[in-house]
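> Could you put the whole structure together from the sequences, leaning on the hints where they help?
This note's numbering numbers the first residue of the sequence shown as 50 and each following residue consecutively.
Derived from the structure by calculation, the hints contain no laboratory data.
Check the hints yourself; a few may be wrong.
Label-pair ranges, simulated between beta-carbon atoms [to be verified]:
1) D94 <-> L116: 27 to 35 Å
2) E63 <-> K114: 32 to 40 Å
3) D121 <-> G66: 14 to 22 Å
4) G66 <-> L102: 12 to 20 Å
5) I75 <-> L102: 13 to 21 Å
6) K61 <-> H117: 16 to 24 Å
7) N62 <-> K114: 27 to 35 Å
8) I72 <-> K114: 15 to 23 Å
9) Y81 <-> K61: 32 to 40 Å
10) S53 <-> D121: 18 to 26 Å
11) N62 <-> L102: 18 to 26 Å
Here are the simulated lysine to any residue pairs, SDA-like style, with alpha carbons at most 25 Å apart [said to hold, decoys possible]:
12) K79 <-> T120
13) K114 <-> L101
14) K64 <-> K88
15) K61 <-> V106
16) K64 <-> G78
17) K61 <-> S108
18) K61 <-> H90
19) K79 <-> K64
20) K93 <-> F118
21) K79 <-> E63
22) K64 <-> K114
23) K64 <-> L105
24) K61 <-> K114
25) K61 <-> A107
26) K114 <-> G59
27) K88 <-> K114
28) K93 <-> V77
29) K79 <-> V69
30) K93 <-> S67
31) K64 <-> T120
From a predicted model like this one, the values you see are computed outputs, not experimental measurements.
Beta carbons: idealized from backbone N, C-alpha and C, even for Gly.
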Amino acid sequence: MLRSWGLYMGRKNEKEGSRVRMILEISVGKVYSYAIRLKFHAFKDNMDYEALLVGLVASAGRGMKDLHFFTDSKDAS
50 MLRSWGLYMG
60 RKNEKEGSRV
70 RMILEISVGK
80 VYSYAIRLKF
90 HAFKDNMDYE
100 ALLVGLVASA
110 GRGMKDLHFF
120 TDSKDAS
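Below, the structure written as structure tokens:
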């Protein structure tokens, strides 16, 4: 069975630090939501990498075959 996952990520810098929110969605409709709060300001690329690592760890044990990464950044690859 093909299990395609989508990782949707949004990030924001605030006075208190940085925040990253992630939503993992399986092709069969199941959704997992995660949030990371950093007590320091992080660069956009650092937050993208952190979100991707958390998404990989969260989905690896659940039979993930393909992971598609979506971010709110226009310059993310």
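> Next, verify each hint and record whether it holds.
Evaluation of the provided hints:
At roughly 18 Å, the beta carbons of D94 and L116 sit outside the given window of 27 to 35 Å. Evaluation of the 32 to 40 Å hint for E63 and K114 yields a pass: the beta carbon distance comes to about 36 Å. Roughly 18 Å separates the CB atoms of D121 and G66, a value that falls within the hinted 14 to 22 Å. Our hint of 12 to 20 Å for G66 and L102 holds, since their Cβ atoms are close to 18 Å apart.
The given range of 13 to 21 Å is respected by I75 and L102, whose C-beta atoms sit roughly 19 Å from each other. Roughly 22 Å separates the CB atoms of K61 and H117, a value that falls within the hinted 16 to 24 Å. Separated by about 34 Å at the C-beta atoms, N62 and K114 satisfy the suggested range of 27 to 35 Å. Distance hint check for I72 and K114: the Cβ-Cβ separation is about 19 Å, which falls inside the suggested range of 15 to 23 Å.
Roughly 20 Å separates the CB atoms of Y81 and K61, a value that falls outside the hinted 32 to 40 Å. Between S53 and D121 the CB atoms are about 21 Å apart, so this pair conforms to the stated range of 18 to 26 Å. A C-beta distance of roughly 19 Å is found between N62 and L102, which places it inside the suggested range of 18 to 26 Å. At most 25 Å may separate the alpha-carbon atoms for a hinted pair to count; K79 and T120 meet this at roughly 19 Å.
Annotation: proposed proximity of K114 to L101 holds, straight-line Cα distance about 15 Å (limit 25 Å). For the given pair, K64 sits about 9 Å from K88 by alpha-carbon distance, which is consistent with the 25 Å threshold. This hinted pair checks out: K61 and V106 have alpha carbons roughly 22 Å apart, not beyond 25 Å. Between K64 and G78, the direct Cα distance comes to roughly 35 Å. Violation of the 25 Å bound is thereby established for this hinted pair.
Distance restraint check for K61 and S108: the Cα-Cα separation of roughly 23 Å lies within the 25 Å cut-off, and the hinted pair is therefore satisfied. Proximity of K61 to H90 is assessed by CA-CA distance (about 9 Å); at most 25 Å being required, the pair is judged to hold. Between K79 and K64, the direct Cα distance comes to roughly 34 Å. Violation of the 25 Å bound is thereby established for this hinted pair. Simply put, K93 and F118 have alpha-carbon atoms about 15 Å apart, close enough for the 25 Å limit, and the pair holds.
A C-alpha spacing of about 30 Å is found between K79 and E63, which places the hinted pair above 25 Å, so the restraint is violated. The hinted pair formed by K64 and K114 fails the criterion: a straight-line CA distance of about 38 Å is larger than 25 Å. Between K64 and L105 the CA atoms are separated by roughly 28 Å; this puts the pair beyond 25 Å, and the hint is violated. At roughly 29 Å between alpha-carbon atoms, K61 and K114 are farther apart than 25 Å, so this suggested pair is violated.
For the given pair, K61 sits about 21 Å from A107 by alpha-carbon distance, which is consistent with the 25 Å threshold. Taken as a hint, the K114 and G59 pair is honoured in the structure, with Cα atoms around 23 Å apart against an allowance of 25 Å. Among the hinted pairs, K88 with K114 is inconsistent with the structure: their alpha-carbon atoms are about 33 Å apart, more than 25 Å. Between K93 and V77, the direct Cα distance comes to roughly 30 Å. Violation of the 25 Å bound is thereby established for this hinted pair.
Distance hint between K79 and V69 is fulfilled; the C-alpha atoms sit about 20 Å from each other, no more than 25 Å. Of the pairs offered as hints, the one joining K93 and S67 holds, with about 10 Å between alpha carbons and a cut-off of 25 Å not exceeded. Using a Cα cut-off of 25 Å, the hinted pair K64 and T120 holds, with the two alpha carbons roughly 22 Å apart.
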